[in-house]
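Given the coordinates of chain A, work out where chain B should sit on it, guided by the hints.
From first to last, the protein sequence lines stand for chains A and B.
Anchor point for the first sequence: position 128 equals 128 in our numbering, and the numbering is continuous, going up by one each time.
Anchor point for the second sequence: position 221 equals 221 in our numbering, and the numbering is continuous, going up by one each time.
Note that these hints are calculated values from the structure, not bench results.
Worth double-checking, as some hints may not be accurate.
Here are a few chain B residues that sit away from chain A, every Cβ distance over 10 Å (derived from the structure) [stated by the list, open to error]:
1) SER37
2) LEU77
3) THR253
4) LYS499
5) LEU506
6) LEU633
Straight-line C-alpha distance at most 30 Å; calculated DSSO-like pairs for lysine-lysine [said to hold, decoys possible]:
7) B:LYS240 - B:LYS106
8) A:LYS46 - B:LYS409
9) B:LYS240 - A:LYS116
10) B:LYS499 - B:LYS277
11) A:LYS46 - B:LYS660
12) B:LYS240 - B:LYS89
Where a beta carbon is used, it is the ideal one built from N, C-alpha and C, also for glycine.
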Amino acid sequence: MDPSVMASTGAAVSIIVSAIGAAYAIASCAPALASVTSEKPELGSKLLIAIILGEALAIYGLLIAFMIISRLPVITTEEAGLRGLLAGISMGGSAIAAGVGISYCGPALMTATVEKPESYTINILGLVLSEALAIYGLLIAFMLNT
Amino acid sequence: MGVAHSIDVNREQPLYEGLLEEYAVPCEVATQCSDISARVDEQLGKLEQKPEELGEKPPLPSKQTLKEILDEMEKKLAEIEYKSQPFIKTITSSSYLIRKIDQTLKTWKIKPKKTDAKNVSLPERSPQEILLNAEQRLSELERQFEEIDKTAIRCSNILLRISQFAKSFKAKSMEGPVQEVPFPPGEKFFAFVEARLSEIGNDLMENKSTKALTNELLNIKSTITHFMEKVPEAKADIIKQTLELKRLVDKVTQSIRANPELQTICLKLLSLREMAKEIKLIMNVEGNMASCFTTVFFEVWVPKIQLEEVIEEIKNITQGKCVIEKAPPSIEDVVPTIIKPVPRFFEAFEKLTFSLGYPRPEEINPVLIMAITFPFLFGIMFADVGQGTILLILGVILLYFRGKVDIEKVGDIMRYFIVSGGLFILCGISAIIFGFLFGEFFGPSGVLHPILLAEIGPFQIGGFDPMHEPLSMLRFAILVGVVLLSLGLAVRVINNVRKKLFRSALISSFWIWLLLGGFVMWIYWGGISNITLWFAEGIFTFLGLIVSPVILICIVTATTGGIMEGIDFSIEVLIESLDHTISFSRLAALFLTHTALNQMFLIIAGVEHGNFTLQSIPIIMVGTILALSIEGLIVFVHCLRLHWVELLPEFYSGKGIPYKPLKVK
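So here's chain A without its partners, still in its complex pose (with noise of 0.2 Å):
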């Protein structure tokens, strides 16, 4: 296959795939926030993280997707294409992972914070830990597309 098809190809299913886990991990925190401040509305600012870091997710995408794009004039050789293809790969992949985690810990963090603010900061945890796993894949492809 021609490179630069491999690596944009790579690029395509980096934004595709993040965005997607982006997506669930935002489509089952914000219902969840939503019931929450209807409750209890101060505690919006707090809770609102699980979105935003839902949210980081696409960014990371986009951003290896922008890499890899911005690489294509100089992927000549068949090795480069297939790096960037997997550095896409591994980048949606992840964030697919660390989606699945947040849909999880988000809800679970706020419903737990609205019985018991105080559970807030041990509970936040979870959700950081599911986001890590993003970045780990952000770094590792990185170091693919470099």
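Using the frame of chain A, we list chain B on its own:
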């Protein structure tokens, strides 16, 4: 008195064989107290005063029991109630009058404007008289207004009739002389005019159209028209007078409010309110004590410095009829921690640290440690001279507003921001420093070149472009992680020594050995991928640096908990060291994310070799806003995570209880 708040009586067990019953504050005392506070509130409401907090707490009356104190307070309250009677009367009547004036103005369809009562001089009479006069004046004005309204209606009716007549005859000139009649004309005048008109009408029916009749008709018409013209003016005059009246009443109200006697009454009421609150607090505390008719039993935490003072005070109060037992905390006790206040500049760090939990008494309070490490890590991930400067400016602005704004009165998000002015400043400075090290100015724009700070073995601190050498950045992140983790472990050793847990201190020192040893192995043999070399050529260093600390940790743990626990714990230590160190690689990842995000906008804007063209600035601004908001938040959360999961638990339990002393005057 400095008696601690945690009064601990074990209620579960039937102690003292039923001698001590559970003490409850007598019902009547509790009711009396709430009764007094309700009466005070009611009185304040009647005087139209806001129940405010007093800056200084008034001393309670010096009586022996709560009952006597409450009786005293009740007596005072009754006195005040008697004194405030006349004021209540005037205030009620004045506010009633103001309401009435507003209502009147509303029926006249005038919006009650804000009146300025500064330029009104009060007549030399008592406020009651002024108010009485004002009320009379108001009803007079209302009557006049009604009369004018009536006049207007009558006038328009008459004009209608005249215009009907005007059809039946043709007058050449519509102007006639105006009759001088005082305004508003009375009922008599209208009756006369109407009678005259019907006469004229009759005459007209009989076609007796003469010049005299026409003239008279014209005369009447112009007079009435003249009245009609006068109506708005008269109305405006009355409204003006009413507003003046309102101003006067406002002034009177103000003068009543400014009355020193009333102010002393209010002050007394407020102080009574505070006293009632304090008595409630005391009753709450007494509810935690055990007592029978003659004896009261309680346990308190007291700081060592205040111990003698408190004992002296208790002896004074009880006149020596007391038994005091001083006991140092036993091992099982959870001793409350006296938390020293930190400067306001660091209050955000205090909040972040104490979200994890409060320190134990022996532990070093990690707020100031966090104030160094947090901006440090933030700066690595957010390294950028331009955006760091924006953060710094933002922090200075927030710090400026911190002194001006009452943080209780702003919204939730604003409060977080205003409190964290110091955090913004420190993070901004750190971001600027690391921005210089990695050559970032609104992304890798080429304005700055990376500055090499130092080179330690394979590690470069600054002096490379992380976008092109991500592995150097990763190495740098791991270096930072190992340094911070070993510092954390060093603090843990100090804490263990302070807690007199020497065995744990020994384990922690072995842990530092393991961590640094593993790090050296990693550098020397080029990572875990060359692990075969670790066992071949490097077997002795491997034994010395990794195996021996693990075995020592295992042995030391086994001396207390058995060999299985020792193995268990040493494996845990091994995994944790590896895990926590690798976790710091997120520093590199987030740095690269930040840089790549900025680079994206730089490419879109077409910035090359540090030439920021004019049309690139809006795009760079969008990128900066995105980086500062979303990226900044993510970096912040990861910074927090690094502290809460990796760094702080190394030396910080977060299981302490803050010492909140009971303050009674």
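For this session: Given the hint that LYS46 (chain A) pairs with LYS660 (chain B), test it: the Cα-Cα distance must not exceed 30 Å.
Result: holds, 27 Å
Exercise. In terms of Cβ atoms, is chain A entirely out of 10 Å range of LYS499 (chain B)?
Worked result: For LYS499 (chain B), whose nearest Cβ neighbour in chain A is about 24 Å away, the distance exceeds 10 Å, so it holds.
For this session: For the pair supplied as a hint, LYS240 (chain B) and LYS106 (chain B), confirm whether the alpha-carbon distance does not exceed 30 Å.
Result: Between LYS240 (chain B) and LYS106 (chain B) the Cα gap is close to 14 Å, so the pair holds against 30 Å.
For this session: Test the statement that LEU77 (chain B) is away from the interface with chain A: the closest C-beta pair must be farther apart than 10 Å.
Result: Its Cβ never comes within 10 Å of chain A, the nearest being 37 Å, so this holds.
Problem set entry | Proposed proximity, LYS277 (chain B) with LYS499 (chain B) (alpha carbon, max 30 Å) | violated, 40 Å
Problem set entry | Closest CB of chain A to the CB of SER37 (chain B) still more than 10 Å away | holds, 28 Å
Problem set entry | Agreement of LYS46 (chain A) and LYS409 (chain B) with the hint, judged by alpha carbon distance not exceeding 30 Å | holds, 18 Å
For this session: Take the C-alpha atoms of LYS240 (chain B) and LYS89 (chain B), compute the straight-line distance between them, and say whether it is at most 30 Å.
Result: holds, 28 Å
Exercise. Do the alpha carbons of LYS240 (chain B) and LYS116 (chain A) lie within 30 Å of each other, as the hint requires?
Worked result: The hint is violated at about 60 Å.
Problem set entry | Closest CB of chain A to the CB of LEU506 (chain B) still more than 10 Å away | Fine: 30 Å to the nearest Cβ keeps LEU506 (chain B) off the interface.
For this session: Quick one: work out the minimum CB distance from LEU633 (chain B) to chain A and report holds if it exceeds 10 Å, violated otherwise.
Result: violated, 6 Å
Problem set entry | Check on THR253 (chain B) being off the interface with chain A, judged by Cβ distance over 10 Å | The claim stands: THR253 (chain B) keeps its Cβ more than 10 Å from every Cβ of chain A (closest is about 37 Å).
Hint check: violations occur at hints 6, 9 and 10; the rest are consistent with the structure.
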